[in-house]
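There are 2 protein chains.
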Amino acid sequence: MTEAEFLARYDPADYPRPALAVDLVLLGLRGGRPVVLLGPRAQHPHAGRWALPGGFVGIAEDLEAAAGRVLREKAGAAQAYLEQLFTFGALTRDPRMRIVSVAYLGLLTEAALAEALAQAPSLRAAALTLPAAPDGPAEAATERGEGLPLAFDHGEILGVALRRLRGKLDYSEVGFALLPPLFTLRQLQDVHEAILGTALNKPAFRRRMLDRGWLAPTGRHEAGTSYRPAELFRFQKTP
Amino acid sequence: MTEAEFLARYDPADYPRPALAVDLVLLGLRGGRPVVLLGPRAQHPHAGRWALPGGFVGIAEDLEAAAGRVLREKAGAAQAYLEQLFTFGALTRDPRMRIVSVAYLGLLTEAALAEALAQAPSLRAAALTLPAAPDGPAEAATERGEGLPLAFDHGEILGVALRRLRGKLDYSEVGFALLPPLFTLRQLQDVHEAILGTALNKPAFRRRMLDRGWLAPTGRHEAGTSYRPAELFRFQKTP
DNA sequence: TTAGTTATGCGCGAAATGGATATAAGTCAA
DNA sequence: TTGACTTATATCCATTTCGCGCATAACTAA
Chain A
127 MTEAEFLARY
137 DPADYPRPAL
147 AVDLVLLGLR
157 GGRPVVLLGP
167 RAQHPHAGRW
177 ALPGGFVGIA
187 EDLEAAAGRV
197 LREKAGAAQA
207 YLEQLFTFGA
217 LTRDPRMRIV
227 SVAYLGLLTE
237 AALAEALAQA
247 PSLRAAALTL
257 PAAPDGPAEA
267 ATERGEGLPL
277 AFDHGEILGV
287 ALRRLRGKLD
297 YSEVGFALLP
307 PLFTLRQLQD
317 VHEAILGTAL
327 NKPAFRRRML
337 DRGWLAPTGR
347 HEAGTSYRPA
357 ELFRFQKTP
Chain B
127 MTEAEFLARY
137 DPADYPRPAL
147 AVDLVLLGLR
157 GGRPVVLLGP
167 RAQHPHAGRW
177 ALPGGFVGIA
187 EDLEAAAGRV
197 LREKAGAAQA
207 YLEQLFTFGA
217 LTRDPRMRIV
227 SVAYLGLLTE
237 AALAEALAQA
247 PSLRAAALTL
257 PAAPDGPAEA
267 ATERGEGLPL
277 AFDHGEILGV
287 ALRRLRGKLD
297 YSEVGFALLP
307 PLFTLRQLQD
317 VHEAILGTAL
327 NKPAFRRRML
337 DRGWLAPTGR
347 HEAGTSYRPA
357 ELFRFQKTP
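Line by line, the protein sequences give chains A and B. So the mapping is simple: the numbering used here equals the position in the first sequence, first residue as 1, plus 126. So the mapping is simple: the numbering used here equals the position in the second sequence, first residue as 1, plus 126.
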């Protein structure tokens with residue numbers, strides 16, 4: 127049999143295929159720190175560890191559709207900003223069988239985070255921290271700082287997610303996905319500082335954001351403060 | 127049957143799975159313009175169109191290993207810088223069956239490009255251009271400017287690839303993957319200008335690159351020029 | 001020796017940035 | 001009503017970065 131004949135008869139349907147899944151890194155902010163939604167693993171493997179919400183991709187299901195379905199069914203969040211992050215395919219990432227997982231990054235506003243936690247009681251919002259190393263896994267912890275062991279390669283996935291978000295924050299519009307429709311400049315700066323983990327210079331931050339053309343002034347101001355109320359802005363896409 | 131019982135018995139191995147493939151965007155430079163390696167499709171579907179080198183992922187094969195295997199077997203290139211690009215999973219991207227493809231970006235030096243073309247005679251290096259739209263597909267053409275029709279969603283993949291490369295070029299080290307081990311600052315600038323499609327200011331480019339700490343002077347100079355020979359540099363990773 | 005060509009280095013003005021400070025606008029308590 | 005207090009907003013200035021022109025260096029060719 128020549129190579130051409132072999133190739134003509136080659137049918138990948140005859141060969142075993144890896145299973146294909148999606149995993150969701152659902153990030154929000156709480157108390158000025160990034161948190162991620164994790165669920166407990168009750169059974170083997172990695173019983174007792176904490177895992178990202180995920181699910182298998184249907185044979186007639188788009189990748190984005192699968193991510194949206196997992197978001198609805200397993201995280202109880204009706205809507206969130208979702209973007210594809212990276213595809214993880216190491217041979218040993220799941221001891222049961224070969225599973226290749228397309229990871230998605232999802233950003234939740236404070237309201238969406240609260241709704242997700244209410245709809246999916248088994249999930250918890252774990253504090254997310256990143257070691258100083260240029261790459262490597264992120265770490266999850268409770269509010270009190272007790273480390274939460276992560277299942278599978280989900281620490282690696284979280285590391286990629288938080289670094290991607292940090293890298294895109296300044297030049298892209300992702301930061302607004304963590305804010306309500308109306309927000310103040312201080313709230314926007316709080317979001318950036320929480321994600322980056324560093325303090326930012328206020329006048330410089332204001333200038334940069336206003337020059338980007340992303341902020342539409344509303345003329346309205348926040349209410350209920352005991353000090354001078356800040357103006358409320360709305361996000362508008364760059365034309 | 128309760129949901130818990132259903133989930134306990136649920137075995138994704140029982141359900142049909144999408145096929146999983148890798149596709150390689152192998153970019154190089156020729157005549158100061160980006161080119162991509164494409165192969166002709168002889169059979170249905172998309173017969174007569176041009177496609178990226180690709181292959182199915184083995185059940186016991188890493189994603190990176192699959193990309194490396196395709197690079198060796200179908201593109202004849204022994205080594206190239208490879209990085210994961212994006213995963214394409216639209217339902218209709220292949221009319222035969224559901225195929226999810228993990229696209230990889232590969233960068234070839236001029237020598238590697240020539241070697242690949244010699245080893246894999248069916249491939250051709252097609253000129254790659256990007257319409258002005260912020261997203262959408264890229265276009266391939268012959269040296270004379272005649273358009274080459276692309277198979278499947280490979281135009282979309284090429285669009286993502288070239289935009290990713292443009293975005294990373296300035297702040298990352300990918301540019302050096304298109305150069306031989308020893309190179310001049312002018313060659314480095316030529317690479318950047320070819321990828322970005324714009325002219326760059328020479329003194330500013332020199333300053334920025336030298337300040338990055340990526341360039342190790344060798345003291346040696348290029349030979350065979352009919353003008354002042356430029357110093358040869360070597361790429362060194364940032365410490 | 002001279003013209004031609006490119007590499008390399010220098011200097012200047014524009015623009016962006018960090019940081020401090022002044023002023024504005026609200027609440028709250030006396 | 002007034003003044004202390006807090007935060008928003010605007011202004012100003014020193015520093016850095018960047019774009020850009022130009023002078024000088026180094027080599028070949030005639």
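It is possible that part of the hints are untrue.
Chain copies aren't distinguished; within one or between two, either way the pair holds.
What the hints assert, rightly or not - Using 20 Å as the maximum straight-line C-alpha spacing, the simulated SDA-like pairs for lysine to any residue come out as follows:
#: 1; residue 1: K294; residue 2: E209
#: 2; residue 1: K328; residue 2: R143
#: 3; residue 1: K294; residue 2: Q210
#: 4; residue 1: K328; residue 2: Q313
#: 5; residue 1: K328; residue 2: L311
#: 6; residue 1: K363; residue 2: A259
#: 7; residue 1: K328; residue 2: T364
#: 8; residue 1: K363; residue 2: G262
#: 9; residue 1: K363; residue 2: D261
#: 10; residue 1: K363; residue 2: A244
#: 11; residue 1: K328; residue 2: A244
#: 12; residue 1: K294; residue 2: D261
#: 13; residue 1: K328; residue 2: A216
#: 14; residue 1: K294; residue 2: I225
#: 15; residue 1: K294; residue 2: D188
#: 16; residue 1: K363; residue 2: P260
#: 17; residue 1: K363; residue 2: L305
#: 18; residue 1: K294; residue 2: Q362
#: 19; residue 1: K363; residue 2: A258
#: 20; residue 1: K328; residue 2: G174
No lab work stands behind these hints: they were computed from the structure.
Fill in: Copy assignment of K363 with D261, given that the CA separation must stay at most 20 Å
between (32 Å within a copy, 15 Å between copies)
Fill in: Homomeric proximity label, K294 with Q362: Cα distance no greater than 20 Å
Classified as within: same-chain Cα gap 18 Å, cross-chain 26 Å, threshold 20 Å.
Discussion item. For K328 and R143, with the copy left unspecified, which applies at a CA distance of at most 20 Å: within, between, both, or neither?
Written reply: neither (53 Å within a copy, 51 Å between copies)
Worksheet item: Can you tell me if K328 and Q313 fall within 20 Å by alpha carbon in one copy, between copies, both or neither?
Response: Result: close within a single copy only, 12 Å intra versus 41 Å inter.
Discussion item. Treating 20 Å as the Cα threshold, decide for K294 and D188: within, between, both or neither.
Written reply: For K294 and D188, neither the intra-copy (25 Å) nor the inter-copy (28 Å) Cα distance is at most 20 Å.
Worksheet entry | Homo-oligomer pair classification [Q210, K294; C-alpha up to 20 Å] | both (13 Å within a copy, 18 Å between copies)
Practice prompt. Tell me, please, which holds for K328 and L311 at an alpha-carbon limit of 20 Å: within, between, both or neither?
Written response: within (9 Å within a copy, 38 Å between copies)
Practice prompt. Classify it for me, K328 with T364: is the Cα-Cα distance of at most 20 Å met within a copy, between copies, both or neither?
Written response: Classified as neither: same-chain Cα gap 23 Å, cross-chain 31 Å, threshold 20 Å.
Worksheet item: Within a copy, between copies, both or neither: where do K294 and I225 come within 20 Å Cα-Cα?
Response: neither (28 Å within a copy, 30 Å between copies)
Worksheet item: Given a CA cutoff of 20 Å, do K363 and A259 count as a within-copy pair, a between-copy pair, both, or neither?
Response: Classified as between: cross-chain Cα gap 16 Å, same-chain 34 Å, threshold 20 Å.
Worksheet entry | 20 Å Cα threshold - placement of A244 relative to K328 | Classified as neither; 35 Å inside a copy, 58 Å across copies.
Practice prompt. If the cutoff is 20 Å on CA atoms, where do K294 and E209 land: within, between, both or neither? Let me know, please.
Written response: both (12 Å within a copy, 18 Å between copies)
In summary, the structure is inconsistent with hints 2, 7, 10, 11, 13, 14, 15, 20 from the numbered list given earlier, while agreeing with the others.
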